[in-house]
Each structure stands twice: as C-alpha cells, then as structure tokens.
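Work out the full structure: start from the sequences and follow the hints.
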Amino acid sequence: MLGPPHMSTEDFFVRRFGDLVALLRADPANDAAQDLALETCAALTAKTEVTLVAGVEVLGAEDPLSLKHRLLTRHVDMIHIRPGATAEELLQLARALAHDSTPVVSSEHIAVELVPVLISDAAYAGQGGGPAMAAAPVALEFTPTRDGRDRRREERRAVLPNVRYRGPERRRGDRRQSGERRVGLVKDLSTDLQRVHQRLERAVREGSWMTALQAAHSILRMLGMIPGEERRSQGIALRRALPRPALDGIVALAVREPAESARAAELLRWVGLDAADAMLAMVMETEGIGTRRILFEILGTMPEAMPLLIPFLKRGRPHEVRHAATILGALGRPEAIAPLKERLQDPDERVRAAVVHALAEFPMAEVSDSLRQALASSSPPMRVAAAEAIGRRKSGAFAMPLMNMIEGERDAEAFRAAVRSLGLLGVPDAVAGLVQIATAKRSLLSGKGYSAEQRVEAVRALAASDAPVARAALERLAREGDGPVKEAARQALMGGRRIVI
67 MLGPPHMSTE DFFVRRFGDL VALLRADPAN DAAQDLALET CAALTAKTEV
117 TLVAGVEVLG AEDPLSLKHR LLTRHVDMIH IRPGATAEEL LQLARALAHD
167 STPVVSSEHI AVELVPVLIS DAAYAGQGGG PAMAAAPVAL EFTPTRDGRD
217 RRREERRAVL PNVRYRGPER RRGDRRQSGE RRVGLVKDLS TDLQRVHQRL
267 ERAVREGSWM TALQAAHSIL RMLGMIPGEE RRSQGIALRR ALPRPALDGI
317 VALAVREPAE SARAAELLRW VGLDAADAML AMVMETEGIG TRRILFEILG
367 TMPEAMPLLI PFLKRGRPHE VRHAATILGA LGRPEAIAPL KERLQDPDER
417 VRAAVVHALA EFPMAEVSDS LRQALASSSP PMRVAAAEAI GRRKSGAFAM
467 PLMNMIEGER DAEAFRAAVR SLGLLGVPDA VAGLVQIATA KRSLLSGKGY
517 SAEQRVEAVR ALAASDAPVA RAALERLARE GDGPVKEAAR QALMGGRRIV
567 I
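Under the working numbering, residues 67 to 567 are what the sequence shown spells out, in order.
You may find that some hints are simply not true.
[Claimed, not checked] Computed list of lysine-lysine pairs in DSS-like fashion (alpha-carbon distance at most 27 Å, straight line):
(1) K514 with K552
(2) K407 with K380
(3) K552 with K507
(4) K113 with K134
No wet-lab data here; the hints were simulated from the structure.
In this text, all values refer to a predicted model and were calculated from it rather than measured experimentally.
Structure (structure tokens):
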C-alpha cells in the first residue's frame, strides 16, 4: 500500500498531486521535487481510480496554492482519473491547473467536468424565461453587428504626424527565445522529451517494439516544436536511439500490424537510409510480395533508397531483381531507366516482365522504344506484360502498335491482354480497332479474321472502356453484329454498367 497507513490512497493522491500543482505554479525550476511528486501520483493511479471534487467555495478560507483553490479558480467541478493514467497525462493536467489560461482538457484516462455557466438575473429577466431557462449558458461577450454607421467620418479621424513611412514594424530580437511564455513552453517540452526518450531506451532494451514505435513517433512529432538550433541535435539523438535491431523490430511490426503501418511508415521515412536498408533486407528474403506490400509502398516514396536498389538490380538473384525493379518503377527516378533497360535481355521471363512494368511508370517519351520492342518480342509473357503495362498507363499513342500485335497474335493470353489494353486506352483509334475485331469473322478460305470468342472479348473491352464513343460502338454492334457479338453487345447495353474484365 502506497502512502501512510492512516491515510487512504485517494487522500494521499490529492496531497501529492496538490504538491505537484503548487510546485509547477510557485517553484517551476524545482525539477527534482516535481519528478518525485509525479512518480508518486503515477504509481497511485496505476491500478486505482481517483476522483477530485472541487466542492463549495468559501471565500478567504482556501490557500491560493491548494489544489481545491486551483480547481475552483479554473472552474473545474470534478476530475475522474481512471486506472492506467500515464505520467504524461497527469503532468499535462497539473500544468493546466497551475496555469491561468491553459485549457484544462480531458485525455484518454482523465475526464474533466467543468462548472456550467449559469444565466444571469438580468439576462433571465430580459428574456422573460421560466425556470427551464435558468441553467442555459449564455454568451459572455456581445459583439454588435457592424453596419458602417459606427465609423468616424473622415473629418473627425485623427491625422497622423507628417513622418516618413519606414515600412512595416519588425520585432527586434528573437522573442521565441526571450519571451517568458516561450521559455516555459520550451522547458516543459524538454522535460517531456527526456521522459519519452527514457521510455524509448527502455523499450529498445526490452525488445518491446510496439512501445518503441509509439515513443519514437511521439518524439518525431515533438521535433517540429523544438527551436531550430536544438532540433538537429534532438533528431540525431532519436536516430541514435534506434539501432538496427530496433529498426528491424519496427519494420516487422509494420508488416504484422496493419493498424500501426501508417505510424511506422512516417517514422521509417524520416529515419532514411538505415530504415531503407532494414526494409530491403526483409523484402528480399522471399520471392513473393504477400503481406510485405506495405514495405514496397514505403520504399517507393524514399529516393534515398536508390543506391541500395541498383546493386540488387544489376547483380541480384531473380526475385531480388524483380523486387528492385518494382520499387524503382514506383520511385520514377530518371537515373534508373538505363539500368532497367539493361535487364530487358535477362533470360528469366519473370524478370523481363517486371522490368517492363517498371519502365511503363516512367515518361513514355523515354521508354516507348522499349515497350514497342517488348510488344514485338517472341516471348508471349513478354508481350502480355507490355500490353498490360500500356493499358495501365492509358497511352493512346500505342493504339496502332497494339492493333499490329493483335493481327498476328497466336497466344490466347497475349491476345486478351492486348484487347483489354485497347479498351483501357479510351481513344477513338482504340475503339475503332475493337469494332474492327468484333466484326471481322474468321474465314475458312483465307484464314483471316477472329473467332467468336475473340470477337466477344472485344465487345467486353468496349463495355469496360471510358471512351465517349464506346457506347455508340456497342449500339452499332447490337444492330449489325452477328449472333454472339450482337448478344454480348445487348447484354452490355442492358446492364447499364461496365463489364469488369
């Protein structure tokens, strides 16, 4: 049991918390006594609920530094402190009570009830209200409507002395450092930073990566409030507090806990190269993406990862090359185009396909030759990858190259990929090409044209197209097409929605 044996836990908490509020108000430089009182209060509320009640005000009977006086002064009626309240929450509450204008607000484990503002007798009589209106809050200030009649006329306005204008007034010196309020805020922030740093170091020692992530993220958010000359040193201290095992633990946590992925992503992007190295080590462990997609998304926004990715692209194992190409495509850095083009001749088909998809993320003017080469490749998977990449980018300039590929295509999967890409381009040439495919029946004598399945595939691509003339093309096919094409076009028109292909 904490506290004297003759005193209850709640009474002892009221005494020690009142000491903390008094120290923050009357002796703010006494850090040792403040820390001792705060640790005692945090220990008392770890498993016990405490309620602070302001009670009735008796003029002249309360010490100005007592907790009751501060509660009454700040118009606080009652405070409920639930078990598990952290030291940070208690310190925030104590600072607000010790200050004259800082808002006293609730937190996760602390609920604050303020004294309601009652209507005055004059306002009550003026409104002619009944008893139900007696407790209604009223505005404490009245601002009349400005209609222009309250402005002084020009002849009554004061005339400024004949002094030469010297520009807008500028503050001299740095009041952010010399102002009393700023100094107090910086001191409180330094205390909070030190406490959170201690929690971070303890979590790293114990391998508690969830706590380490929360503490490091809190410090990261505090850095923006630190004066400029100290911000860099605090940032260096945070990086030093996150060794490689801690980064590995946070990376694993981002993969394992989707709810923490956003917080982990913000921290890992800020850490930079060391975090990128830790993420790449986990990405390159397996061939698939799976649950590690979040790491690809984070690395795809970190240009500083480029020096780490190029070696994997040039000398890595096949799955490492694929992963590196995917991330480089997301980064979109121009210096990655040449190394990617070098891997277009890789013997592994999956590597070549990944490189084509990555090249399609760059400006088409710089990679169009590589995509045309991939469309004309003798490898069906290569042609499929090129067609899918072109459709994803919706590059209308590739409508004719896709049609040329379709005319001589013998692989069923490559044919479907090219037709679907035509539907995604959304340009008139692509729609005209799909109509041509849908109406060209295969001839037994010449061997030209397309099978019924292929022509129906073109109708489905039209139904999924964003082109303004796609519906008109479907209506034409519903009137003039043969059996399967006419039926597919009618179903697309009657459905009133795009067909997902």
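Taking the hints in turn, this is what the structure says about them:
no., hint, verdict
1, K514 with K552, "holds (21 Å)"
2, K407 with K380, "holds (11 Å)"
3, K552 with K507, "holds (13 Å)"
4, K113 with K134, "holds (24 Å)"
Checked against the numbered hints given earlier, this structure breaks none of them.
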